[in-house]
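Chain A is already provided as a structure; the job is to place chain B on it using the hints.
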Amino acid sequence: MSANNKRIHGGTTMLMPYTLLNDVFNFTNAFDVLFKGTSGKVSEGGPYPHVNVYEKGDIVKVRALVPGIGAESLNVEIKDNRLVIEGERKKDPETAKYLRRERGYGSFRKIVALPYPVNGETINAVLRDGILTVTLEKREDVKPRKIEIR
Amino acid sequence: MNTERENVYNNERENSRCVITPGTDIFETEGEYVIKADVPGLQKENVDITIDNGVLELKGKIDVENETHDLRAEEFRLHDYYRRFTVGDDIDTGAVKAHMENGVLTLVLPKKEEVKPRKIEVLAH
Numbered sequence: 001m002s003a004n005n006k007r008i009h010g011g012t013t014m015l016m017p018y019t020l021l022n023d024v025f026n027f028t029n030a031f032d033v034l035f036k037g038t039s040g041k042v043s044e045g046g047p048y049p050h051v052n053v054y055e056k057g058d059i060v061k062v063r064a065l066v067p068g069i070g071a072e073s074l075n076v077e078i079k080d081n082r083l084v085i086e087g088e089r090k091k092d093p094e095t096a097k098y099l100r101r102e103r104g105y106g107s108f109r110k111i112v113a114l115p116y117p118v119n120g121e122t123i124n125a126v127l128r129d130g131i132l133t134v135t136l137e138k139r140e141d142v143k144p145r146k147i148e149i150r
Numbered sequence: 001m002n003t004e005r006e007n008v009y010n011n012e013r014e015n016s017r018c019v020i021t022p023g024t025d026i027f028e029t030e031g032e033y034v035i036k037a038d039v040p041g042l043q044k045e046n047v048d049i050t051i052d053n054g055v056l057e058l059k060g061k062i063d064v065e066n067e068t069h070d071l072r073a074e075e076f077r078l079h080d081y082y083r084r085f086t087v088g089d090d091i092d093t094g095a096v097k098a099h100m101e102n103g104v105l106t107l108v109l110p111k112k113e114e115v116k117p118r119k120i121e122v123l124a125h
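Protein chains in written order, with the numbering used here: chain A, 1 to 150; chain B, 1 to 125.
Chain A extracted, bound-state conformation (with noise of 0.2 Å):
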């Protein structure tokens, strides 16, 4: 089974199916890897879950839409710049009968690119009402210093 099958499905989050013009929409994308050696997008790793960041001064704040998930299925990590969220949405009981389904269940991995290095002992993270928030601070050493003049 590959990767993708593990993915979240059903709902919003449906495979859209590969055409050329992704690739030719995409161009502007591929000038950023080219001369940034970024991407230039806020996040990667599929669609779900819906996150926004804010910015503010040294905080960076991400909330993520995750509904019906609860914490312990929910993992979030800090790895080189990027803010990774990981985690997995059961499935209700197979046995009943469905006459609607439309919510998306399986696991998901979300990442999101963090525009400084954060203090990796101040993060703080709150789940509520089936929204994830990420609190982080900017690292001391790349806070700016004033250098007193002799």
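It is possible that some hints are incorrect.
Here are a few chain A residues that face chain B, going by a calculated C-beta distance under 8 Å [to be verified]:
(1) HIS50
(2) VAL53
(3) LYS56
(4) PRO67
(5) GLY68
(6) GLU72
(7) GLU86
(8) LYS90
(9) ALA96
(10) LYS97
(11) ARG101
(12) GLU102
(13) ARG103
(14) ALA125
(15) VAL126
(16) ILE131
None of these hints come from the bench; they were simulated from the model.
Even glycine gets a Cβ: it sits at the ideal position worked out from N, Cα and C.
Same frame as chain A, but now just chain B:
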């Protein structure tokens, strides 16, 4: 002072009252129907569910403003939730239960006693 982006956003918000149709699963067991809807960001006290004339209406009010000020990347916005379903007359409307957990609303609609499957004993003569 508002930025251009915020002005555009605020106008958009005033002109169109956006409503989200929550993704929903409905399944049936022997004794009940279960409706599960994804409503992230919705608080328990802002949920309004009515069943009237065979129509179940689900309303959820989001009372927090979408933060726009320090936004760097936006993949979602929160809006009020609304969805309606037609329900059969085999439901015991007085016994419907609802609960919220992790941004998922679960409604349990028990079937009326007389429509539940009943096992008939075969009597030996």
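Hints the structure fails to honour: 6, 7, 8, 14, 15
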